[in-house]
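Chemist: Chains F and B, in that order, are what the protein sequence lines are.
Taking the numbering used here, the leading residue of the first sequence gets 125, the next gets one more, and so forth.
Taking the numbering used here, the leading residue of the second sequence gets 212, the next gets one more, and so forth.
Keep in mind that the hints were calculated from the coordinates and are not lab data.
A virtual CB, placed ideally from N, CA and C, is assigned to each residue, including glycine.
Some clues are possibly wrong.
[What the hints assert, rightly or not] Pair ranges (Cβ atoms, derived):
1) 213/B - 383/F: 56 to 62 angstroms
2) 237/B - 212/F: 53 to 59 angstroms
3) 224/F - 219/B: 32 to 38 angstroms
4) 217/B - 262/F: 21 to 27 angstroms
5) 197/F - 246/B: 35 to 41 angstroms
6) 248/B - 257/F: 20 to 26 angstroms
7) 250/B - 210/F: 26 to 32 angstroms
8) 254/B - 293/F: 53 to 59 angstroms
9) 250/B - 197/F: 26 to 32 angstroms
10) 288/F - 249/B: 56 to 62 angstroms
11) 250/B - 130/F: 46 to 52 angstroms
12) 219/B - 174/F: 16 to 22 angstroms
13) 248/B - 146/F: 28 to 34 angstroms
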Amino acid sequence: MDIDILELSDRSARFILSDVDAAFANGLRRTMLADVPTLAIDEVNIYNNTSVLYDEQVALRLALVPLLTSFDEFTPHEECSCEEGCPACTISLTLSVEAPMGEEKTVYSGDLVSADPKVKAADSNIPVVKLKGGQQLVLEAIAKMGYGHDHAKWQAGVACGYKNVPVINIEGCDLCEKCVEACPRDILALGEESAEVVDDRLLNCSLCKQCVEACGIDAISVSENDTSFIFTLESDGSYSAEELIINAVNTIRTKASTLDNILGEL
Amino acid sequence: MDYKCTRCKRAVEIDYQYTGIRCPYCGNRILVKGRPTTIKTLKAE
């Protein structure tokens with residue numbers, strides 16, 4: 125297995141995963157979506173809510189706020205030895221906002237105050253509810269660590285996908301330029317002896333094969349590399365993109381090890 | 212259960228023997244139920 129990083133930022137990454145089959149690439153994608161545990165608000169104790177939103181609606185909106193998560197410090201609630209929640213699997217956040225009389229005030233995710241300074245809203249500017257003058261929202265939110273396969277609020281990877289690396293072969297080109305004109309992504313250009321793939325644009329190919337259809341002499345062929353994949357992922361902010369990849373791989377490793385132990389006992 | 216009149220903002224006790232709902236102070240017929248003082252626990256999902 126080989127990984128070439130194409131782009132890496134705090135929230136997103138793009139890399140080429142090679143020398144693996146589609147099953148492994150899909151396993152990695154699914155793990156990022158559903159099996160990397162994150163913190164999310166699971167219970168809300170409402171002390172006062174005079175806003176226009178129902179308590180249930182406020183609770184749901186809070187649940188969908190991504191929280192910065194430390195992978196090693198918390199245990200997923202379903203794997204914790206406690207039943208009702210303990211400091212190892214839960215954390216408390218409080219929110220207390222009142223709009224001054226005659227003024228409107230928007231409650232943002234950044235108004236949540238955590239018992240642990242490391243745990244806070246990944247984005248502090250997510251609106252929760254707009255309060256009119258004198259309205260009040262006071263609550264305590266209990267965040268638990270959970271898995272994306274139980275609820276989307278625990279999904280750390282939000283846009284994970286992959287496509288095969290394209291393979292374009294050009295032989296016997298007559299320089300008619302039809303393929304260059306047909307390509308919607310400007311991947312092909314006319315060279316001195318034949319049409320050529322423009323440097324660094326091969327990965328932009330969407331495998332639409334319009335160039336193949338445009339070529340009158342079948343000089344161009346477009347296929348997929350079955351063992352190389354262009355992987356794109358985006359994190360919701362609970363982990364950085366790099367942490368998400370590492371945590372996903374660690375999760376796969378742990379699961380494989382567990383399966384190995386089970387099979388060994390048979 | 213405490214209700215509040217939306218016009219005069221006074222607390223109103225509803226007399227269920229009476230056939231209609233009306234504020235005894237101002238006669239307004241729109242009353243809102245007050246929020247209980249207990250803590251409400253919800254599952255956030």
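Chemist: Check each numbered hint against the structure and report the violated ones by number, ascending.
Modeler: 3, 7, 13
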